[in-house]
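Positions 1 to 175 (UniProt numbering) are the ones given, in order, by the sequence shown.
No lab work stands behind these hints: they were computed from the structure.
One thing to keep in mind: the hints can contain errors.
[What the hints assert, rightly or not] When the alpha-carbon atoms are kept at most 20 Å apart in a straight line, the in silico DMTMM-like pairs for lysine to aspartate or glutamate are as follows:
#, residue 1, residue 2
1, Lys129, Glu81
2, Lys113, Asp159
3, Lys113, Asp150
4, Lys98, Asp132
5, Lys86, Glu70
6, Lys111, Asp131
[Claimed, not checked] Cβ-Cβ distance ranges computed for the label pairs, FRET-style:
#, residue 1, residue 2, range
7, Asn100, Arg160, 37 to 43 Å
8, His25, Lys129, 21 to 27 Å
9, Ser75, Glu171, 43 to 49 Å
All C-beta atoms in this analysis are idealised placements derived from N, C-alpha and C, irrespective of residue type, glycine included.
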Amino acid sequence: MQITSKLSSSQTTIFTEMSALATQHQALNLGQGFPDYDPPSALLDLVKDTIDDHKHQYAPMAGDEVIIFEPAYDSYRPSIELAGGKVVVYAMEAPDFKINWSLVAAMISPKTKMIIINTPHNPTGTILKADDLLHLARIVRDTDIIILSDEVYEHLVYDRQPHESVLKYPELYQR
Numbered sequence: 001m002q003i004t005s006k007l008s009s010s011q012t013t014i015f016t017e018m019s020a021l022a023t024q025h026q027a028l029n030l031g032q033g034f035p036d037y038d039p040p041s042a043l044l045d046l047v048k049d050t051i052d053d054h055k056h057q058y059a060p061m062a063g064d065e066v067i068i069f070e071p072a073y074d075s076y077r078p079s080i081e082l083a084g085g086k087v088v089v090y091a092m093e094a095p096d097f098k099i100n101w102s103l104v105a106a107m108i109s110p111k112t113k114m115i116i117i118n119t120p121h122n123p124t125g126t127i128l129k130a131d132d133l134l135h136l137a138r139i140v141r142d143t144d145i146i147i148l149s150d151e152v153y154e155h156l157v158y159d160r161q162p163h164e165s166v167l168k169y170p171e172l173y174q175r
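Given only the sequences and the hints, what does the whole structure look like? Please build it.
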């Protein structure tokens, strides 16, 4: 019996290759930032509260649209598509990879259920500033759009630029 993959168009990621090499050479795997310590108890309590409040089960339904900013982390697209969602792409352009929030607002439709942001952005390094998050808050204000904020690289900011988190903005934090 052969099982057909729903992810046949997805390629092996660099993280898979790096993990295999780290295992093969018995090296420390820094590819995905595997922590070697337990998470803080306060974080575990917040996760538990989120689960208890049933805020952990959103997955795109067939036809739901999710806006992503490309180039993007290579797991976003297949995760959305696997759940039956439709990827809507905002193409970031060199050299500055800045986001034109008016164009993002124009991309929003009644089917838009989520916007995924990533700051500092992987792979461009672009850092969203306070003005960016205020624009984002404004364009989702009268909607039920969920904001998924990937801030895994929050400590990789340079030139004294502050990391701006959605957690600092009540309108975005609640999403």
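Hint by hint, here is what the structure shows:
1. Between lysine 129 and glutamate 81 the alpha-carbon distance is near 29 Å, which puts this suggested pair outside the 20 Å criterion.
2. Between the alpha carbons of lysine 113 and aspartate 159 the distance comes to roughly 35 Å, so the proposed pair goes past 20 Å and is violated.
3. A C-alpha spacing of about 16 Å is found between lysine 113 and aspartate 150, which places the hinted pair at or below 20 Å, so the restraint holds.
4. For the given pair, lysine 98 sits about 9 Å from aspartate 132 by alpha-carbon distance, which is consistent with the 20 Å threshold.
5. A hinted pair counts as satisfied when its Cα atoms are at most 20 Å apart, and lysine 86 with glutamate 70 qualifies at roughly 15 Å.
6. For a cut-off of 20 Å, the pair hint linking lysine 111 to aspartate 131 is broken: about 26 Å separates their Cα positions.
7. Evaluation of the 37 to 43 Å hint for asparagine 100 and arginine 160 yields a failure: the beta carbon distance comes to about 26 Å.
8. Between histidine 25 and lysine 129 the beta carbons are some 40 Å apart, a value that contradicts the proposed interval 21 to 27 Å.
9. For the pair serine 75 and glutamate 171, the supplied restraint of 43 to 49 Å is violated, since their beta-carbon distance comes to about 27 Å.
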